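So the sequences go chain by chain: A and B.
The numbering used here applies: residue 1 is where the first sequence begins, and numbers increase by one.
The numbering used here applies: residue 1 is where the second sequence begins, and numbers increase by one.
You can take every hint at face value.
Interface residues of chain B toward chain A, partial, derived using beta-carbon atoms under 8 Å: (1) G42; (2) L43; (3) L45; (4) Y48; (5) N101; (6) V102; (7) L103; (8) F105; (9) A107; (10) G108.
Negatives, chain B to chain A, calculated, CB over 12 Å: (11) N1; (12) D26; (13) T86.
Here are a few chain A residues that face chain B, going by a calculated C-beta distance under 7 Å: (14) Y34; (15) P44; (16) Y46; (17) R91; (18) K100.
Because the hints were derived from the structure by calculation, they are not lab data.
If you're wondering where the values come from, they're calculated on a predicted model, not measured in any experiment.
Built from N, CA and C at the ideal position, the CB exists for glycine as well.
Here are the chains, one letter per residue:
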Amino acid sequence: DAKTTQPPSMDCAEGRAANLPCNHSTISGNEYVYWYRQIHSQGPQYIIHGLKNNETNEMASLIITEDRKSSTLILPHATLRDTAVYYCIVRDAGGTSYGKLTFGQGTILTVHP
Amino acid sequence: NAGVTQTPKFQVLKTGQSMTLQCAQDMNHEYMSWYRQDPGMGLRLIHYSVGAGITDQGEVPNGYNVSRSTTEDFPLRLLSAAPSQTSVYFCASSPPSSGANVLTFGAGSRLTVL
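With the rest of the complex left out, here is chain B:
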């Protein structure tokens, strides 16, 4: 098992550009989520999904879109990048029910918006 795979690991964007951060898991986990982590702060939940076709907003969803067409993939889209979106992004997945809070995280994607 590869676990949770995030691509790219590093990305530099200019303000206004769009891009997609990819996240894939091979553990057949139903639950997937995206967090961002800024210097000196804890992780903050952006969006999450409890299964294919179902997504919902987390704590800081503005400026981001998600979709979940398959169990394996949960891409995060930045429609018009802003410097405030400079951050490290982590994707996570977990099994359903009582195991849902036992998250497996990816290695992270470091995004810089100029």
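So here's chain A without its partners, still in its complex pose:
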């Protein structure tokens, strides 16, 4: 699996966009980028995933660079409830490895009033 690197922590003001970076320079052609988050004491929550095109859903946007070596998760209008640990995971979508995700340390995002 491709290794990911995320900053250990970030701050964001409430109402502003939160931009969470992730480096995955060894990503291979069939690997997707997945983002999850874990709010304190709760189970992780899926946010979004993508292969090479930018993706958007009701929670966030995912921007993947053209060379696919890095990506950015964007929470467009952060709220206090977005304070959580955000995990960037790279994994191929199928085959024998599907579902076996490796959660690293993630980025602790703190949203301030």
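Since the structure of chain A is provided, determine the placement of chain B on it from the hints.
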């Protein structure tokens, strides 16, 4: 849909006792898995199942058993609890094929072994 339901939410065991953590999902997901999370660490995969009757080991399977007799249920058994198994346990499920990495997690079961 209730999603993924884990019971119990909290449990205290003495060393050597056995117990089963229950996990049930009502989304007809084929794939189910168990993770543990220890302070300051990410989640680690214990066991997983790609369908009824099929289970396999993850990263940290020692001390745990699983079975998958139905699509809905995936219990995790601790045969002889040890203090090192004090952790928060999360069950997850996902649909097959390209959706398999879009996991839905339960709320967690916090286990303390004395």
